[in-house]
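Join the two chains into one complex using the hints; note that each chain is given alone, in its own frame.
As you go down the protein sequences, you meet chains A and B in turn.
Numbering-wise, my numbering puts 99 at position 99 of the first sequence, and it's gapless, one number per residue.
In short: position in the second sequence from 1, add 1000, done, that's my numbering.
Calculated directly from the structure, the hints in this document are not laboratory data.
Fair warning: this is a prediction, and the values are worked out from it, not measured in the lab.
It cannot be assumed that every hint is accurate.
[To be verified] Result set (BS3-like, lysine-lysine): computed pairs, CA atoms no more than 25 Å apart in a straight line:
| hint | chain 1 | residue 1 | chain 2 | residue 2 |
| --- | --- | --- | --- | --- |
| 1 | B | K1099 | B | K1047 |
| 2 | B | K1077 | A | K169 |
| 3 | A | K74 | B | K1099 |
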Amino acid sequence: MTVHDTTTDREAPAIVPQFDAVDEAAPGRKLAIICSKGNLDMAYPGLILANAALGEGVETHLFFTFWGFDIITKKTMGDLKFTMLGNTATHMPQGLGGLPGMTAMATSRMRRSIADIDVPTVPEFLEQIVASGGHLWACRMSADMNHLTTDDLYDDVEAIISASDFIEKTAGAQLLFI
Amino acid sequence: MPETMLDGHRIHVDAEGFLTDPAEWDEELADVLAAQIGLTLTDAHWKALHFLRADFAQQGETATLRRVSTLGAIPVKELFALFPGKPAKKMAYVAGLPKPHGCV
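Next comes chain B alone, as it looks inside the complex (with noise of 0.2 Å):
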């Protein structure tokens, strides 16, 4: 599991780049990440990375896509046009989590 540097931040990350430690993970790496994959963090992401981190912190689990929309109050569309392409993975990568399991 590799520790990089990121912007000051030292981090352990998988093989693809996502957090294996989401306790490493603070607000100012947030918007480091995102920046990384070209997005910038506006009020609506944030509603939608503090319901991934809560949800993380409950179940221990990465929520879906469809757990964000139905129990996060943030409809799907609205997902997709904040994370444009893969919204759950780069939600889950930005939140500093890992990717979601789930089918739906």
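Here chain A stands alone, though its shape is the one from the complex (with noise of 0.2 Å):
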């Protein structure tokens, strides 16, 4: 539905964004999110993209697989960590990760980081994905491996899935593997 404006000759016409126009590069675009990591680090990158295609309106899937199942996991989702120890990117002596006591200080500083400017824990931001109508999966295998039943796991977690049923659920999804 488009109202008309009321142009004259000499003024330019309303300018209407087209938020319901198909992208006709990707009709019907869908995002399937592999997670295959459980560091705090390493959570996020899928979360916050998964929360920005969903507000896009793009159709959104994730899997948790390997180590991802953490995320999901009631258990550990709440107490994911970060590790200075083989990561570069904090530009500190490598050593200083082996320390005692340093996994816990940098995973507490950067909660803190991810708290200020208010980015959700991995819980709410769960919650936050399935609200914005985002499907979660768990790995069959993961599951096995681990011992854990849809019980152990976050109850939006819609089942748990093979590998197999998670590519033919997502066809024609663009992919992204964390």
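Next comes the structure, spelled out in structure tokens:
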């Protein structure tokens, strides 16, 4: 529905944003994100991109596999850690990361920086993604490896499915492996 | 920055149609902007729009979806129902504000 403006000869016509226009390059755009890592710093990229895609009206599916399983496991999801070990991006001497207490310190510092810019914790973030219409899937093999069932997982995880089921569900999707 | 007329309102907009001067906005214009993108405003829409306007006046930037849900107390799910597809951008457009820049 479009309401026409009262443009006269001298005035430019109204510009209307095309929010609901179908992108011809990617009609019915879909995004599949595979989260394979459970470090605090590796959990966020997938969650942030999923949230951004949903906000743009893109159908989004997340598949949690291997260490990424920690993101949706009730016992671990609120307690993901960040370690400086093997991470040159901290620009600190590598040996420091191995000292006692360094992982705890780096983790709490990162948590604070994340909270400071009003980015939610991992469980809250999942809640927002689900509320935005995102789909959460758990990897069958990871569940079996860790002897976990749906009871151990975040309530809004839709199901534990095999890798091939995920590939089937996300036919035609753009794919992101993290 | 194009100046256009929209249903008797003279407004300045950017290339996509977002108002560039929030002061040119009023509630009557909001109804017209909403109609442009296929929305009819209800009280529930107004709650979100009033929050956006008040928050922009304080912060100088458009609230993200998360901010509207946590501080404006409107659940994310409801925002998607009120402004389908692209709620953050649609809300900003109808509220006469720039697109939100935050990532979350």
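Hints, one by one, checked against the model:
1. K1099(B) - K1047(B): With Cα atoms ~18 Å apart, K1099(B) and K1047(B) stay inside 25 Å; holds.
2. K1077(B) - K169(A): Cα-Cα ~23 Å, so holds.
3. K74(A) - K1099(B): 35 Å, violated
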